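Protein chains in written order, with the numbering used here: chain A, 14 to 115; chain B, 14 to 115; chain C, 14 to 115.
Simulated from the structure, these hints should not be mistaken for laboratory data. The model shown is predicted, which means the values in this text are computed figures rather than measured ones. Check before you lean on any hint, since a few could be wrong.
In this list, chains with the same sequence are indistinguishable; a pair is considered to hold if it fits within one copy or across any two.
To be verified - Straight-line C-alpha distance at most 20 Å; calculated EDC-like pairs for lysine to aspartate or glutamate:
(1) 39 to 96
(2) 81 to 71
(3) 39 to 27
(4) 81 to 106
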Amino acid sequence: MDLYHKKKIEIVTDAAALNDVAQLIKRCGASGYTVIKGVAGQGSRGVRVSGDIFGVFENVMVIVVAEKSMAERILSEVMQVLEARPRMVLVSDVEVLRDDHF
Amino acid sequence: MDLYHKKKIEIVTDAAALNDVAQLIKRCGASGYTVIKGVAGQGSRGVRVSGDIFGVFENVMVIVVAEKSMAERILSEVMQVLEARPRMVLVSDVEVLRDDHF
Amino acid sequence: MDLYHKKKIEIVTDAAALNDVAQLIKRCGASGYTVIKGVAGQGSRGVRVSGDIFGVFENVMVIVVAEKSMAERILSEVMQVLEARPRMVLVSDVEVLRDDHF
Numbered sequence: 014m015d016l017y018h019k020k021k022i023e024i025v026t027d028a029a030a031l032n033d034v035a036q037l038i039k040r041c042g043a044s045g046y047t048v049i050k051g052v053a054g055q056g057s058r059g060v061r062v063s064g065d066i067f068g069v070f071e072n073v074m075v076i077v078v079a080e081k082s083m084a085e086r087i088l089s090e091v092m093q094v095l096e097a098r099p100r101m102v103l104v105s106d107v108e109v110l111r112d113d114h115f
Numbered sequence: 014m015d016l017y018h019k020k021k022i023e024i025v026t027d028a029a030a031l032n033d034v035a036q037l038i039k040r041c042g043a044s045g046y047t048v049i050k051g052v053a054g055q056g057s058r059g060v061r062v063s064g065d066i067f068g069v070f071e072n073v074m075v076i077v078v079a080e081k082s083m084a085e086r087i088l089s090e091v092m093q094v095l096e097a098r099p100r101m102v103l104v105s106d107v108e109v110l111r112d113d114h115f
Numbered sequence: 014m015d016l017y018h019k020k021k022i023e024i025v026t027d028a029a030a031l032n033d034v035a036q037l038i039k040r041c042g043a044s045g046y047t048v049i050k051g052v053a054g055q056g057s058r059g060v061r062v063s064g065d066i067f068g069v070f071e072n073v074m075v076i077v078v079a080e081k082s083m084a085e086r087i088l089s090e091v092m093q094v095l096e097a098r099p100r101m102v103l104v105s106d107v108e109v110l111r112d113d114h115f
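The task is simple: from the sequences and hints, build the whole structure.
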């Protein structure tokens, strides 16, 4: 079993920022990302409730897996793009299968 | 890039227990948490199906990030509050951005 | 607080493959798994959009926690079962509470 070490970045922010996040991920050269919808949260910047009628305040979790250097570029961009928005950004170590493309 | 080491706790349980979990997280002093809805599961304590008409058996994943000592308090409380309920509790290492509040 | 080290496998694939994935997890002897619905993604194998009217292209994330040796069996089976399908498979280290069953 060949496994390769990568960095996993999880970004929770409001759904309205999803396009900006997707753009920055592509700009940094990542080949893809995963989006989990139906995310709610409560944090120090106020309550973020999922499921309101307009969906404006719906949150999403964006997951992107990248080499360490690309992950650092993505994190740097995330800090700028989501500067004023509610967000949670987590970085962790993962391993991926040999033939998957990241 | 300043990153800080934290513990990430992921709690999967039935949606009916969400309020109890949220209360215990606040009681332990965490500044926030994230909830993923639309979660289903099958485990040793029986099938937990998401999407039933009353939503009673809908599961949720609650994610909370905290310093190690606070994480240990949360885990201890989780064991008591969710003692008799179906649950999966995972603990892992994550890094967070400098200016995020946990 | 007694915590035990396990491997966490996260499998993102299309919802149509969920039954195959559930079967392989059971075949490998795991006691359970968690499914997150409402997952979308964009990857090198093309756009995977969640929410289309037939739900055929809806993605799911399957999470399974197992001992290292069982995790390796699951990964080996996943590579065969999902060989031709869009997928993202991540492996990471987690700790679980003593009295949970994995």
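Checked hints:
no. : hint      : result
1   : 39 to 96  : within (19 Å within a copy, 25 Å between copies)
2   : 81 to 71  : neither (30 Å within a copy, 30 Å between copies)
3   : 39 to 27  : within (19 Å within a copy, 22 Å between copies)
4   : 81 to 106 : both (10 Å within a copy, 16 Å between copies)
In terms of the numbered hints stated before, the structure departs from hint 2 and from no other.
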